[in-house]
Each structure stands twice: as C-alpha cells, then as structure tokens.
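Read top to bottom, the protein sequences are chains A and B. Start counting the first sequence at 432; every next residue gets the next number (the working numbering). Start counting the second sequence at 163; every next residue gets the next number (the working numbering).
No lab work stands behind these hints, which were simulated from the structure alone. One or more of the hints may lead you astray.
[Said to hold, decoys possible] Per label pair, the in silico range of CB-to-CB distance: (1) A:581 x B:637: 46 to 54 Å; (2) A:769 x B:360: 53 to 61 Å; (3) A:751 x B:388: 54 to 62 Å; (4) B:637 x A:1050: 34 to 42 Å; (5) A:546 x B:388: 20 to 28 Å; (6) B:628 x A:485: 40 to 48 Å; (7) B:628 x A:581: 19 to 27 Å; (8) B:538 x A:581: 39 to 47 Å; (9) B:448 x A:584: 18 to 26 Å.
[Stated by the list, open to error] Here are some chain A residues pointing at chain B (derived, C-beta under 7 Å): (10) 539; (11) 566; (12) 866; (13) 1121.
Cβ coordinates follow ideal geometry from the N, Cα and C atoms, glycine included.
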Amino acid sequence: MFAQNERISTRQFKRLLTLELFGVTTALLPGILCKTVQRDGVTALAGGVLLVFLYGLLLKAAAKRAGRSLQQTLKEKKKVVYEIFLLVMTIQMILMGIWVLTLAAELSRDILLQEMDLRVVICTFAFVCVAGALQGMECRGRMAEILYAFLLLPFLFFLFLAARKMNLDTMQPILTEPAKTIGKGSYEVFIVFQGVTLGFFALPYLKDQKDFWKGVKKSIWLNGLFCLLLLVVAIGIFGIDGAANQNWLAVNLMTTPDFPGGLVERMDVLMVTIWIVALFFFVSGSIFYGGKMVGRLFSMKRERTGLWILSALIVAGSILMGNKDYAYYVYMTYMKYIGVPLLLLLLFFICAGLRPKKAVAGAMCVFLALSFTGCAKGVELEDREFVLALGVEIQEDKVLFYYDTSNTQDGSGEASQEVVRIEADAFYELTSAYGQQSDKYLDYNHLKALVIGKNLASDADKLSELLQFIEQNELFARNTKLFFSEDAERIFSLCTSMNTALGEYLENLYVDSDYYVEGQSASLGDLIKHRHEKEETFLVPVLKAGEKQPLIDSYGIVRDVQWIEKLRPQEAELVFLGNGVNIKETVKVDRTYAVKINNVRKEVAFSDDKSINAVVTLEIRGQLKNKEAGKQKREIETEMEKQLEENYGQFLIDYKALDLFHLFRSLGSHNRQMWQQYHEKRAEFINQCQVTFKIKASIE
Amino acid sequence: MDNQTPVVKNIDENIRNFEQMFEGCADIKKRKFALGKEANVDCYIAFIEVTVSNMMLSESILGSMIRRMCELSKGDIYRYIDENGLGISDTAEFKTIEEVADMMLTGDAIVFIDGCEKAFKIAGKGYPGLGVIQSQSEQVTRGSRESFTESVKANTALIRKRIRNPELKVKEIKAGRRSKTLNALVYLDGIARPEVLAEVEKRLEEIDIDGVLDSGTLEQLMESSWKSPFPQFQSTERPDKAAMAVLEGRIVLLTDNTPVSIILPVNYNSFFQTTDDYYNRWEVVSLERLIRYVASLLAMLLPAMYLAVTNFHTQLLPTELVLAFAAAREGVPFPAVVEVLLMEMSFELLREAGVRIPGSLGGTIGIVGGLIVGQAAVEANLVSPIVVIVVALTALSSFAIPNEEFGAAYRIMKFIFILAAAFLGYYGIVLMGLLLILHLAGLKSFGVPYLTPFVWVDGDSREDLKDSFIRQPLFRLFRRPLFARRGQRIRMKRKEE
C-alpha cells in the first residue's frame, strides 16, 4: 500500500550498489595491486577507477536509451543482438557468482571456521544468498539501507586506528613503474569493478530512473576511495611485499590496531562480518539478476525456475572449482578476452537505439545445505590450553618449542602457569608436537609473546622457514610481541617463579611502564614484513634471565632475516631517538643535569652537491629533572645538543653501514631524483652517504 | 430480508416466533403483561436476566415507561411510542425477530406491543464485567493508570473521553457466526488512511468463524505473514496509548469481552515506544529507548555470542576473562550448548509457572526457582556460574522490551541463534542475522514496511527518525508518523527553538 512493490529508492540503490562493490573490491584489489604494480598501486587504482567511470557513463547512456524498455519486447530484427547480450551477461553473472561465492566461503572458513569443510561453508552461504534473491529487490534495498552505516562506519573507524601505525615512506615515490605495468593494473581494477554492471540490471526497479547515474557514480568513487585508503594503510603497515603476500589483507589489517577499552582483544573475528555481509549482497545480486536473465533467455513460464537453475550452477561451480584463486583466474580470463570486449560492444549497440526485450524474469534455486560432512568442530573452553608465550630454538637438527600455557584443571577456579618443553624435527610440528602428549587443544589466540633463541635467530634460512610457516598458516596475530634470547630455555624456566604468566609479563612491559614505550618493542608482524624487505634493519629486544623474571638487556639488530649484532641499551636508545620514537629517556648533560625527553621530531634532508649528504635533524623537547635551569637554560641546551651530536657521530662510525635510521627508505619521499638514481643501488647509497645529525634541544 | 421473520401486529405470533428461537434458554426472562387504562394492550418484554436488574425495573426507564403506558388509552399508547414520549435516547426499532434477538443478546431489553409492527429496545445495564481498573501488564512511571475493560462500549468511551472530537469515528462490525462478537474500529476521519481502513474492514469481513472470544483470534486471522514470529499488530490495554495511536492516524480495533485493544498498522519502532515516553523529558526517554534497543539485541544474541566466543573465537575476549571462564567451566559435565539450553529452558519454565500460578505464590516461584536453578545447580557443578549470569542478563533484557508479544519473538529467535552459534560459531550468527534482517525487510503490516522509519517508504519524509532510537524534544515532533494520510502530517505548530 505505502511501498510500491519491487521498487527501490535512489538512496537504497546507491547503498545497495556501494555494498555490492565494496566486498569484492576492498577484499582483493589492494593485494592484487601490491603484487602486480608494486609501488604504483595507487596510480593503477586511480587509472582503473577512471576507466570504471567511463564505463559507468556508457551504462548511463545505455540506461537512458533503454529505460524501462528493458522490459519491453525487442523488435524482431534486433533480437539476435539482445539474445547475445543476455547470454554474455548470464555467463558473466554465473562466473562472477562462482568466484565471489568461493571468495566469501574461503574468507569465512579461514577467519572463523578453520577446520570446516569448505563445501559446507559454500552451501550455507549460498543458502542465505538464495534466500536474499528470493525476497526480491525491495527487501535487498531495505537491507542495504539499514546495514550500510553499520558496515562502513566500523570499517572507517578501524582504518583510522590502523593508520596511526603506518609509515608512508615505503610507498614513495610513485609513477616509477613502467606505463604498461600500470596499465595492466588499471585494467585489472576495471575488471574487479565489473560488479557495477549489477547496477544496470537494477535499473527497472529504481523508482526514479533519472537518479541511476547518481547511484552509480557514488558507488564507484566511494569504493575507489575505500580501496585507496586500504591500499595506503596496508602498504604503510606491511610494506609492499608483505601486503602482496597476504591472503586476506583487509581483514589482517584489522588485527593491527589496539582496540581501546580493553573489552575486546582481537577484532578480526567481528570485522570479518563487514566482508561477509558485503559479499552476500554481491552474490545474492548475481543470483537475482542472473536468474531473471536465465528465465528470459529460455522463456521460462515460472519466474523462479531460472533463479533455481542459476543458483544450482553457481553453487556447483563453486564447489567444483574449490579455490578462490582458480575461480578468479577463470573469471578474469573470460572477462579480459571475451566478457568485457563483447559487453562494451553490445552496450554501444544498445546506446545506438536497440530496445531490448523484457530482460527480467524471476527464477530461483534453493540448494540443500548441510548435505556434506559435519558441521564445524567447536572446542569447549575447558578443553583448551591457552599458549601465552612461545619459545622457539634450534639445537643441532632439532627444533625446540617452549610453551607457557594456562592450566585450569586444579579446580581452584583460577588459571595457573605451566611450561612445557618439546623437541621436534621441524617447524610444522609446532601445532602437533604438543598434541602428542596432551588431551587438550592448543589455542594460540591469546599468544602474547614469541621468544626466538639465538641459534635460530642467527640462522637466516631457518628463521625464514619459520616465518614462512607462520605467515602461510596465519597462526599468530601479527601484533604478538617479539623477543630474542641467548638462552630461551632459561627464560622459560623463570615462569614458575613469576607471579604472572610470562607472556603477560612480556606484553605488559610496554604498557604503563615508566621506562619502555611501544616504539621500542618489536612484533611478529615486523619480522614477517622484514622477511619481504630483507635489507631494512630493525631492532628486537633481547631477554636475559634475571633473578625472578626476564629483563631486556640489549637489542638485537636484524638484517637479511637474521640477528647479526647486539646493541647496548644506550646505543639502542640513540637509534630509537634517531628514528623519532618518543622514548622515556633521561639524558645526563655534562654529568650534572638530567633532562627527561618528552617529545622528539625527526626531519631528514638529502642533498648531493659534491657528495651525498643526509642531514637528520632531531628537535627534542625535554624537561630538567634535577635542578633549576635559570639563566643556564640555553647553555644546557647547547651542551645537550653537542653531547648528542657527538654520540651520534661516534655511533655512525661503527654502524652507518647498517642504515639503522632508515635513510634509504626515506629517500623516496624526500628526493625523487636521488631515489631514481639509487633505488637499486642501496649499498652504494649507504656507503657514499655522509650522515650528519643535527640536534635542536629545547628545555621547558 | 430473506429468511428473516418480520415483526407483525399480532403479538402472539411475535411471541411464538421469539420463544421458538430462545427455546431452552433459562437465562432469558420473558414477561407478558397488559398496558393501558383498560389493560387492553398486550405487551411482551424479554431480557437477559443479569443485564436488566429486576430490582431496578421500577426505577429504570423501562419501569417508568410501563407505568406511564398503564395510564394511557390504547390509541395514546401507539402515539406515545411513535413520538418517543419518554424521551429515551438509547432506543431503536426493529422490524424482524432476528434483529430483536440480536439486540437482546447485546444486553438490552426488548419490547413487543400488540398492534405494533415493530419492536423496540430499552438499554439495560449490560453484561457483567470488570470495571475500569489499573493496567496490570503495562506499568508506567507517569500517565494515566486506567486500563480497558471487557466491554467494547466502555472501551470506546474511554477513548472518546480522550479525543472529544466528532471526527473520531467508531465503526461497529460483528465477527463470529455464532458468537456475533461486537468489534469497533476507532479512527480519526481525515487522518487515518482510507485504504488501510478499507483493508481492515475487508479482512474482518472475510473472517468466517464460529466464535471470536478474544481479539487475539482476530489478530491471527487477519495477519498476512502468519509464519513470522514478529507481531504485525500491536496490542495494548491502555486507553491513552490507544488514543495516542488514533491521533497518529492509526486504527484501533476493540473487541467485546477483551480488555486489550489492537493497534494497526505497526512498524518495528512502534514496539519500542511507550506512552510515558511522551510524558517525560527527551533526554531520559532517549536513554531509555537506547537501552530498550540494546536490550532487544542482548535478549536475542547474548547466549549465542557466549557460545561462539567460548567455543570458536576465544581471541575476542581479554586473556584474563577467557581463563576465568575456562576455570569456571572445569568439572561441568555438559557441553556449553547443552548448559545454555538447559538454563534457558529452565528459565522459560519458571516464567510460565510464574504466570499460571495465582497470587503471591507466583512471585515465590521466581525466588525459589532462582535459588534452585542459580545457586544449587552451580554448586552441584551442573552449570557454570558464567552461564547463569548470561541467562539472567538475557532474561532481564527481554523484560526491558515494552511489548510482551514483540519480546516473545526475540525469545524464539534466541534459540535459533543459539543453535546456529553452537554449530557454526560467529559465522552462524552472521548468517542467521542476515536471514532475520531479510525476513524483517520483507515483512509488512497493512502495507507499511516493518522496518520503517529506518527504510525508505514512498512519500516518507524521514521525519519519523526523530522518534526512533532517540526521541527528540516534543516541539520538534510536529509531524505525525507516516501512518497518517498524506497531507495530514502536521499535528503541531512549529515553534522557534
């Protein structure tokens, strides 16, 4: 009565199309662009979105011409063109549906139900999508209208939280890849954005068809913007290679920020809902529109028959392909060489004055769910052993694992700690080695710290192997704290004498500490990123066994995926300060004054007048802790500047070659010309570069 | 007038036809006596025993009428009747025996007079019923305490008392072949949508059933989506709430013998609104509304989320909490899903028992049940304390939903979500959530999409969102909700802020 049946408003159309595109584009494009176009992913994305806009204009022209006459009978002489158009679109819908259904099922399985049979996930997901298609356009429009804010606002919020950890130096400069590569990347963007065609088939349901272009335009630029933000943040956090090698880049990004409040530990489980729901809209849309096309193509009497057939084809195809990468490959190949060219041609024909037949008919297919092997295996809480800290070391041919786990079996109602040492033959036994002597399920979801022993940390091949295993199986959260130790066994033996669990202790070192700050810590994500960017150095805290608990007694320099050298804490502090980390250090000036550093800002300038010069300027603000400064404030500042510059000068004599201040990485964002000259000559650049530290101290 | 027996001048024939109809009805009192100075005009009165009190007969209108007509001549009696000499306001004339019978069965006395081709009624005091009492199930902190009664006439009057306007229309429709239950459609002419009114009347007329004993029967027979657990009508026992609905352009259906009215159409948001929302300040009301919305989610999802988090996704919770949960579950013999279902079923049993047991015992059951289920079961290690807390919170949340039938839908959905979470974890919750939203997106109440004002509706100005999660200050709610007819959406003069 109030609502017209099967009509959606402009707002509902915009939101529906935006959500339909969102799932596919954000889940895939950043990773694809990092892999294929590397540094110029942003450029390729911009180019691709422009292509999509042009395509959207073509759709607009076709829509204007076709209008509601999509539902009218085509004139006889043009029937063949129309039939071909429907056939091309039907095949596209089927392949798109298969690909995205497989994508959604794999995403759900990998993040939420690791031990589930993929076929069960495909069937259950398809069931819901078919139900969505059955309900018709009005319901889909209303769902999109309601869920829009609930999906996109948390996404943007988490992106904002994650963005605080990014470093933009890794992606600069841009426009350095060959034009052909950028072009290929743009075309790939265009193909992935093909879901915008769904909007064309929503046209007959739009209450006000004049608003078609508004909806298409908004969904394209919004999704382009989301992909851009995601790409920039992902590269800033993981690096280009790190981002390229992840299965679910967007979801993994959600595990990096620390969610304020302490109520929820990891958000990837909740945030994956965004993509599951967005992909639901895409798949149900493909089934809905495709079903109508099938019904029309084969002139089916009952509206729903075509939809049933199409659903069955999509589900069967998804199960047979069994793998999102393969499904994507098939879809991409079809679209690149057949789909897009034909589609463009046909749209031109339509714009030229064809009046397509009625293209819409309802047809549906419901697939039996849960006809395959059982449902997901849930493990009760009391049957789990939570690993809070993990130590890994190698000894001759053996791998040693040290597990610091929780134990709730004493019936006291509280968890106590237990340390288990296990010998294994290879890293892949990480999960199974413990299981051989325990009836409990090893749960790594609360792993706080990973301690790598010296032998392993110094062996580049072995360490790479371990990291590859961890990365491929996505075993641990990337923000797990990382430590080295010369004697991992000794560290873990301290567990029994500590009041808190070792893992929690190590994690809390950087929380509310008077001495350590987050910038001084290293995480597993840093090491995994380093595996892809071997030449970048970074520091990892090294633990030593104290009387009752472990202490950080030095910092290990990691380069080429191995621990090469140790730095004393004072030297490490110079490195942190030199990298702009606001460490809680107190500098003793002239052995008299104690200046507590409150804030540091770093700037780098490169010049190549006669030789390569890099000037690192540190603006340090501090507070005098032990005496009144009075008139001597400027003298203290000058003395402090001089002292620090000397320290840096001395430090650089020994460690310049290691580029601990990441000057080579900063080159791209500061001096494009120099970067172009040296971007493949890292060692030469570092060798030739004269580094000077300039300190500007300001005491409050 | 096929198959209808006309009232004839011969009173004996009328009496014969009438008594034939009510043969074996001992509760129908019939009296024959003579009127007129010469006692030469026969008269016959019939009524249901308790609806017209014998004690009152002499003081009643009927008694006054009989006394007066005993003083008149035969010719004057007929003129007296024609001119309604006693000035009775609530009287009517009937030309068939069936009409007479129907009228008597509504609680009035009927009178046949020899030589008169019509019978007429005199209003009685009506059937016995509860008077206007305080509302039991819809308590408010501010506002009227009155509740509807079991008489449709009284209920109509309670609404009329609040809307003293001739545009307030009352359409009477009978439902039930044998019960002939009187129903009244109350609406504001010019404000209510005529197409909705027509649809309601049509659906009422389509009902062909033996008897309608409660408005609940009409609800179930009129709703379009019978499979949905979500009600497509709103029931209330408060006259002020019904009056408010009428002023919004909705229609209220009153049924005789039912102390509950039905308001239609409805949407999702209307179930979270209570009458005292408009009597209290907007900040307080807004907070309460948000609590209700959050409570509805908790009532449906909390046990399922507990299962998903503890069985599948432990990484969601802080480590200390997870370890505390794990330690608390040590020794419990059942899987978590069985624990949760046991506790939920126990709670449902308690709730049902509390409703059925009368008086003060009903409250005692709650305390005893809580002690047994809560304390003893935990100490016996049958359930973990966490599950007791989860179930208790869920129950509290369901009580926070103002409408009991609407809350019942969440109770049903809760079990479905529990099963989905038990088998598929959070993924199952997401899939079920999608199916639920899909279902609600397709649900309508007399043409109004259930999810308004959160979704677009033709002609909607989105103003209704001002009275949804948050209730904006009253002076900003100058438009009626979309239930009202287009062009009649302004209900208040806009005020400068």
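Hints and how they fare:
For residue 581 of chain A and residue 637 of chain B, the Cβ-Cβ distance of about 30 Å falls outside the hinted range of 46 to 54 Å, so the restraint is violated. Range check, residue 769 of chain A to residue 360 of chain B: Cβ separation about 55 Å, and the 53 to 61 Å hint holds. Judged by the Cβ atoms, the range 54 to 62 Å given for residue 751 of chain A and residue 388 of chain B is violated: they are separated by roughly 40 Å. For residue 637 of chain B and residue 1050 of chain A, the hinted distance range of 34 to 42 Å is not satisfied, since their beta carbons lie about 54 Å from each other.
Taking 20 to 28 Å as the suggested C-beta distance range, the pair residue 546 of chain A and residue 388 of chain B does not conform, at roughly 40 Å. Between residue 628 of chain B and residue 485 of chain A the CB atoms are about 42 Å apart, so this pair conforms to the stated range of 40 to 48 Å. Between residue 628 of chain B and residue 581 of chain A the beta carbon distance is about 20 Å. The supplied range of 19 to 27 Å therefore holds. Distance hint check for residue 538 of chain B and residue 581 of chain A: the Cβ-Cβ separation is about 42 Å, which falls inside the suggested range of 39 to 47 Å.
For the pair residue 448 of chain B and residue 584 of chain A, the beta carbons lie near 20 Å from each other, so the given range of 18 to 26 Å is met. Look at residue 539 of chain A: its Cβ gets to within about 5 Å of chain B, closer than 7 Å, so that hint holds up. Contact between residue 566 of chain A and chain B, as hinted, is supported at the beta carbon level, the nearest pair being about 5 Å apart and thus within 7 Å. Using the Cβ-Cβ criterion of 7 Å, the hint placing residue 866 of chain A at the interface with chain B is not satisfied: the shortest such distance is roughly 17 Å.
Hint status for residue 1121 of chain A: violated, given a least beta-carbon distance of 48 Å to chain B, over 7 Å.
Hints 1, 3, 4, 5, 12, 13 from the list above are not met by this structure, while the remaining hints are.
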